[in-house]
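Chains as they are written, first to last, in my numbering: chain D, 4 to 352; chain V, 4 to 352.
No lab work stands behind these hints: they were computed from the structure. You may find that some hints are simply not true.
The list treats identical chains as one, so a pair stands whether inside a single copy or across any two.
Stated by the list, open to error - Straight-line C-alpha distance at most 20 angstroms; calculated PhoX-like pairs for lysine-lysine:
1. K257 - K182
2. K257 - K343
3. K332 - K106
4. K257 - K68
Values in this document were obtained by computation on a predicted structure and should not be read as measured data.
2 protein chains.
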Amino acid sequence: MVKIPVKVAVNGYGTIGKRIATSILRNDDFKLVGVAKYTPDYRALIAARQGIKIYVPREKVEAFKAIGIEPEGYIDYLLEEAELIYDASPAGQGVKNKKLYDKLKKPVVFQGGEDPSIVEVSYSTLCNYSSVQGKRYVRVVSCNTTGLLRIICSLGVENVKRVFATIIRRASDPGEDLKGPINSIKLDLEQIPSHHALDAKTVVRDLNIETVAVAVPSTLMHVHVLEVFLKDKCIDVATLEKSSQGRVVAIHSKLADTTGKLIEIARDLGRFRNDLYENIVFTNTFTCRNNVLTLIQAVHQEAIVIPENIDVAYGIMNLETDVYRVISKVNSLFSIGIIKQIFSGEGSI
Amino acid sequence: MVKIPVKVAVNGYGTIGKRIATSILRNDDFKLVGVAKYTPDYRALIAARQGIKIYVPREKVEAFKAIGIEPEGYIDYLLEEAELIYDASPAGQGVKNKKLYDKLKKPVVFQGGEDPSIVEVSYSTLCNYSSVQGKRYVRVVSCNTTGLLRIICSLGVENVKRVFATIIRRASDPGEDLKGPINSIKLDLEQIPSHHALDAKTVVRDLNIETVAVAVPSTLMHVHVLEVFLKDKCIDVATLEKSSQGRVVAIHSKLADTTGKLIEIARDLGRFRNDLYENIVFTNTFTCRNNVLTLIQAVHQEAIVIPENIDVAYGIMNLETDVYRVISKVNSLFSIGIIKQIFSGEGSI
Numbered sequence: 004m005v006k007i008p009v010k011v012a013v014n015g016y017g018t019i020g021k022r023i024a025t026s027i028l029r030n031d032d033f034k035l036v037g038v039a040k041y042t043p044d045y046r047a048l049i050a051a052r053q054g055i056k057i058y059v060p061r062e063k064v065e066a067f068k069a070i071g072i073e074p075e076g077y078i079d080y081l082l083e084e085a086e087l088i089y090d091a092s093p094a095g096q097g098v099k100n101k102k103l104y105d106k107l108k109k110p111v112v113f114q115g116g117e118d119p120s121i122v123e124v125s126y127s128t129l130c131n132y133s134s135v136q137g138k139r140y141v142r143v144v145s146c147n148t149t150g151l152l153r154i155i156c157s158l159g160v161e162n163v164k165r166v167f168a169t170i171i172r173r174a175s176d177p178g179e180d181l182k183g184p185i186n187s188i189k190l191d192l193e194q195i196p197s198h199h200a201l202d203a204k205t206v207v208r209d210l211n212i213e214t215v216a217v218a219v220p221s222t223l224m225h226v227h228v229l230e231v232f233l234k235d236k237c238i239d240v241a242t243l244e245k246s247s248q249g250r251v252v253a254i255h256s257k258l259a260d261t262t263g264k265l266i267e268i269a270r271d272l273g274r275f276r277n278d279l280y281e282n283i284v285f286t287n288t289f290t291c292r293n294n295v296l297t298l299i300q301a302v303h304q305e306a307i308v309i310p311e312n313i314d315v316a317y318g319i320m321n322l323e324t325d326v327y328r329v330i331s332k333v334n335s336l337f338s339i340g341i342i343k344q345i346f347s348g349e350g351s352i
Numbered sequence: 004m005v006k007i008p009v010k011v012a013v014n015g016y017g018t019i020g021k022r023i024a025t026s027i028l029r030n031d032d033f034k035l036v037g038v039a040k041y042t043p044d045y046r047a048l049i050a051a052r053q054g055i056k057i058y059v060p061r062e063k064v065e066a067f068k069a070i071g072i073e074p075e076g077y078i079d080y081l082l083e084e085a086e087l088i089y090d091a092s093p094a095g096q097g098v099k100n101k102k103l104y105d106k107l108k109k110p111v112v113f114q115g116g117e118d119p120s121i122v123e124v125s126y127s128t129l130c131n132y133s134s135v136q137g138k139r140y141v142r143v144v145s146c147n148t149t150g151l152l153r154i155i156c157s158l159g160v161e162n163v164k165r166v167f168a169t170i171i172r173r174a175s176d177p178g179e180d181l182k183g184p185i186n187s188i189k190l191d192l193e194q195i196p197s198h199h200a201l202d203a204k205t206v207v208r209d210l211n212i213e214t215v216a217v218a219v220p221s222t223l224m225h226v227h228v229l230e231v232f233l234k235d236k237c238i239d240v241a242t243l244e245k246s247s248q249g250r251v252v253a254i255h256s257k258l259a260d261t262t263g264k265l266i267e268i269a270r271d272l273g274r275f276r277n278d279l280y281e282n283i284v285f286t287n288t289f290t291c292r293n294n295v296l297t298l299i300q301a302v303h304q305e306a307i308v309i310p311e312n313i314d315v316a317y318g319i320m321n322l323e324t325d326v327y328r329v330i331s332k333v334n335s336l337f338s339i340g341i342i343k344q345i346f347s348g349e350g351s352i
């Protein structure tokens, strides 16, 4: 049995890394040793002033001091100190970091941008929580794949005959404002299916899924148009919400019909960083006829993988075997449930 | 002497109204009776679930019930109950509401979208706090004008010979995503100067100011390019920050050179609704030579007028005569000062 709190290091402090760090700080089962930061920027400055210990590469110490940050130490010290490592480095950097991790013999949670071949398990809570226990290298699939798999595994893999999804993805994150497209719609695939289908199959091996993706000039959420051919009978949206354990929530588009308005809801709720941890399904797009389910959902690219990143730690560290207890604990950490509470009174719309 | 807490009604619950309501809820000197809401939308639903009492027009009761809101009463009940009214209705609606207010004989704070002729005083804290005491109709000038006047009145009106400002304004607010321009730069004026210069003069009558405005496809903050001809000698940016009582803060553009990144700072700080209440001056754009001061600043359109809206209540209700004590109290309500604390360690950048 692992001693609680589990000591955690976060390697990389961008969009995902900073959110994992915040979540670890709020969770008594874990203790944040510190974060590895490679660029002396405003994120580093805010983290340092919030009391987060910053570890940096040897050659960057002076650059951090120049913006007023006294680094706690070098990155290898941080990794040695931790019992669990999150690799939240830019896509493709994780495989390079792995050489370091190999020496350390510690469990590492990678992100969806890494190649699945570098890990033992690609992961999404509602699909394969139990498969990560005792594993050393696990990868939480990307935001779009997490959004898709939450639906698929809530429906039950055994009940899904085929999935076809069109992903209309945001161009970049709000603070990452140098990427395009800025006024054009870009094909986000080299072939059909796009990599999202292949990614989903790293978690659910024999899934019959096809995905097509385009990128649009927005920083606020992805939108998925989903068609699911069911083997058995149709379900309703309330059942989907329920079997997702609250990770999927329905809102009628009369109340919010743009991703901008959904983010505004997160702002009005006082969510930290206006994060939406839930898949938002537009209630009135949910239709199921002749065993074909169609829906449109929005997925907040910055936030959606964060609950799964915390769930996985309970599995990988052998802290809890029951997935429902993990989800319930993590949901309450993120106030998942509040949106359902607020919008369940939609009544007769 | 008015009894504390002062009972407040907020008439209109959009971008500004909801922020005023939140601020009133957090301030023990005031008590929110409720808000007047005209459209049954997600804002209303969230407010209702947060325990805010919703008052609606007689003919809208059923529409609110249909989305699961039980209105507290009609809007005229709300206005009768309050001792101070904020009119946060859409621009131009305030003058129509005024007929109601005339009968009520209560102080009303209007917003910058209203014509200055309907009020006794147009207001900006650092310029004319003392002029609102005991007044009945006061108007807090718009976001852009507030941003300009904070600089001008911090410099001291008597020291300003002439101001020339280019306003690059955001197209609309994040949740108000149906306005343009979406991929074009739009002249935002009928003549030179744009209305912002005229608006500034409603507060500082004989100000020599010219403004030019264009609208760009963004929802994240306005940017002002300011040229101020000083009568006396140059000052440095630290002096400007200090004389603004913390309402103006400098950040080096090496740490954040886009409005997207500034909003990201507000998100990382955990600011409610990611609001930036401070003018953000880019440190390295601040130059003063031969009595000509130049700077670039960013102004968060949704949030910048909120401190001034709370300040003014202390003046209009005769709760406090000393402007510095009011600012200090309101600053601490909004954690104004935290950004200065974080970025003051910029060191040798």
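Okay, the hints, checked on the actual structure:
1. K257 - K182: Between. Shortest inter-copy distance 18 angstroms satisfies the 20 angstroms Cα cut-off; intra-copy 32 angstroms does not.
2. K257 - K343: within (16 angstroms within a copy, 41 angstroms between copies)
3. K332 - K106: Cα proximity of K332 and K106: none, with 33 angstroms in one copy and 54 angstroms across.
4. K257 - K68: between (51 angstroms within a copy, 15 angstroms between copies)
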